[in-house]
Amino acid sequence: MKIFIPNSAFLGNIDPFIRSFDISNTSALEITSNPNWVSVHPMVLAMIAALGLNVKPENIRISLESKSGAYAVRMGLYKMLGLSCDVKITEHAPEGRFIPLQQIKNSAELDNFISEMIPILHKDKEQASTIGYIISELGRNVLEHAQAPNGAILCAQRYEKSNTIRIGIADTGIGIKKTISQSHYAPTDLAALRLALWPGITGTTSKAGGTEQNGGAGLFFIKSIAQVNKDFFVIYSGKALYKLLTNKTMTLHADPFDDRHSLSEEMPHWPGTLVGIDISLDQTREYDALLAAIRKTYFSLRKTTTPYKRPRFI
Amino acid sequence: MKEIEIFERIGKKDFAENKDVGKEIRLKEIMPELENGRVVILNFEKIDRASQSFIHSLISDPIRKYGPNKALDLVLFKSCNERVKSIITIVVEYMQDALNKNQDEN
Numbered sequence: 000m001k002i003f004i005p006n007s008a009f010l011g012n013i014d015p016f017i018r019s020f021d022i023s024n025t026s027a028l029e030i031t032s033n034p035n036w037v038s039v040h041p042m043v044l045a046m047i048a049a050l051g052l053n054v055k056p057e058n059i060r061i062s063l064e065s066k067s068g069a070y071a072v073r074m075g076l077y078k079m080l081g082l083s084c085d086v087k088i089t090e091h092a093p094e095g096r097f098i099p100l101q102q103i104k105n106s107a108e109l110d111n112f113i114s115e116m117i118p119i120l121h122k123d124k125e126q127a128s129t130i131g132y133i134i135s136e137l138g139r140n141v142l143e144h145a146q147a148p149n150g151a152i153l154c155a156q157r158y159e160k161s162n163t164i165r166i167g168i169a170d171t172g173i174g175i176k177k178t179i180s181q182s183h184y185a186p187t188d189l190a191a192l193r194l195a196l197w198p199g200i201t202g203t204t205s206k207a208g209g210t211e212q213n214g215g216a217g218l219f220f221i222k223s224i225a226q227v228n229k230d231f232f233v234i235y236s237g238k239a240l241y242k243l244l245t246n247k248t249m250t251l252h253a254d255p256f257d258d259r260h261s262l263s264e265e266m267p268h269w270p271g272t273l274v275g276i277d278i279s280l281d282q283t284r285e286y287d288a289l290l291a292a293i294r295k296t297y298f299s300l301r302k303t304t305t306p307y308k309r310p311r312f313i
Numbered sequence: 000m001k002e003i004e005i006f007e008r009i010g011k012k013d014f015a016e017n018k019d020v021g022k023e024i025r026l027k028e029i030m031p032e033l034e035n036g037r038v039v040i041l042n043f044e045k046i047d048r049a050s051q052s053f054i055h056s057l058i059s060d061p062i063r064k065y066g067p068n069k070a071l072d073l074v075l076f077k078s079c080n081e082r083v084k085s086i087i088t089i090v091v092e093y094m095q096d097a098l099n100k101n102q103d104e105n
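Residue numbers (numbering that gives the first Met the number 0), protein chains in the order written: chain A, 0 to 313; chain B, 0 to 105.
Any given hint might turn out to be false.
Taking lysine-lysine and the PhoX-like style, the derived pairs with C-alpha atoms no more than 20 Å apart in a straight line are [what the hints assert, rightly or not]: (1) Lys11/B - Lys308/A; (2) Lys100/B - Lys295/A; (3) Lys27/B - Lys308/A; (4) Lys1/B - Lys27/B; (5) Lys206/A - Lys100/B; (6) Lys100/B - Lys124/A; (7) Lys308/A - Lys247/A; (8) Lys308/A - Lys229/A.
Stretch by stretch, here's where chain A covers chain B in the computed footprint (C-beta under 8 Å, at least three residues) [claimed, not checked]: (9) 5-14; (10) 30-40; (11) 60-70; (12) 82-90.
Worth flagging that the hints you see were computed from the coordinates, not collected in a lab. Note that beta-carbon positions come from the ideal geometry of N, C-alpha and C, so glycine has one too.
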């Protein structure tokens, strides 16, 4: 496999980078970069690390110019892949700036990550909670559905200039098509992505409302968080990539294809699922407004006028 | 009647998100009480937020097994802030819609 890291690869311009990823020869991984300084979304690092974990360290070759090499060291890429690196860095505490690559293989590790690491990334409770929500839902998706021996690989970074936190999470499990196809008809990777983003659809059952453990709403909630904050959200599995584009309206749609988006069905085959999301801190909407919009979307899907039995709050 | 303090059960955290813990509470505490027709109070004091997945893991099965009327008469939600109330309401509503849909299809 070969990955060339361009000068810039963020969610807005991630497509050419992903298209250029060479998936042949899965027993070796070669990473090269633009000779100048590279600046990439954490999703790119999560992707490289997730692939690298499936390759013997002696078959991995990373060739990055010195500044980019130092960045890769600081974000924990070499360490995670069991590689040594000649680039020497002075490690400063990452508080408020980034979360280096993490591997999460079980519920306890995810619990610990959410309670220990998220407050380090952002001190503001409101925004830290939103980030925690995203990582919780995405992490648990991997642990429950992906069947990924290496678990979830994630990292995050805060970009001061745009005041944005960017999160990437990758797995090399069975992918969304196999998961969704356990209970639904999904002939292509893109059809499976569409179903996975639809509220109330889960691979664990064909019944509405999901199972006792899965409501099929996790990805819909994540996409909704990005949408109400006017941020990018990318999900890539198999050969399909869905990108939620920035949007001026706060109207959520059950069908992800009704949102402003772009699609590709001809990407190199990603063996699992890769998710990237941006959270603009300047315009993070009140969580309450998000929940109201989500509730409205569910309501729009109603086929009955039967009044609801209300929960009793005491 | 049984009262379950969610804050204590999830390791004294204010974000209720671990659905494995939710499952354990449901299987070991909520369902046995409901089986005997007894009231269960889910106390959300000190909980700032809850994920949809966590709430789903607690209450979707009671609603499905006992129906919304019986389940929501027996399961009460105590000391919820507005956010937690909203998430609970979303789950309660989509479960009722799902049950109606599944009935229509059968």
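task: Test coverage of the stretch 60-70 of chain B by chain A using CB-CB distances below 8 Å; three residues minimum.
output: holds (count 4)
query: Taking 20 Å as the top limit, are the C-alpha atoms of Lys27/B and Lys308/A close enough?
result: With Cα atoms ~25 Å apart, Lys27/B and Lys308/A exceed 20 Å; violated.
task: Decide if the proposed pair is consistent with the structure: Lys11/B and Lys308/A, CA atoms, cutoff 20 Å inclusive.
output: At roughly 31 Å apart (the allowed maximum being 20 Å), Lys308/A and Lys11/B break the hint.
message: How does the stretch 30-40 of chain B fare against chain A when you require at least three residues with a CB closer than 8 Å, holds or violated?
response: violated (count 1)
- prompt: Can the restraint linking Lys206/A and Lys100/B be considered satisfied, given a maximum Cα separation of 20 Å?
  reply: The hint holds at about 9 Å.
query: Quick check: the stretch 82-90 of chain B, covered by chain A? Criterion 3+ residues, Cβ under 8 Å.
result: It holds: at least three residues are needed, and the stretch 82-90 of chain B offers 8 whose Cβ sits within less than 8 Å of chain A.
- prompt: Hey, Lys100/B versus Lys124/A, does the alpha-carbon distance stay inside 20 Å?
  reply: 38 Å, violated
- prompt: Does Lys247/A lie within 20 Å of Lys308/A when you go C-alpha to C-alpha?
  reply: 35 Å, violated
message: Between the alpha carbons of Lys1/B and Lys27/B, is the straight-line distance 20 Å or under?
response: 12 Å, holds
message: Does Lys229/A sit within 20 Å of Lys308/A, going by the straight-line distance between their CA atoms?
response: Not OK: Lys308/A and Lys229/A at ~34 Å, beyond 20 Å, violated.
message: Please verify whether Lys100/B and Lys295/A have alpha carbons no more than 20 Å apart.
response: Satisfied, since the Cα-Cα distance of roughly 18 Å is no more than 20 Å.
query: Within the stretch 5-14 of chain B, is the number of residues with a Cβ closer than 8 Å to a Cβ of chain A three or more?
result: holds (count 3)
The structure fails to meet hints 1, 3, 6, 7, 8, 10 from the earlier list, while all remaining hints are met.
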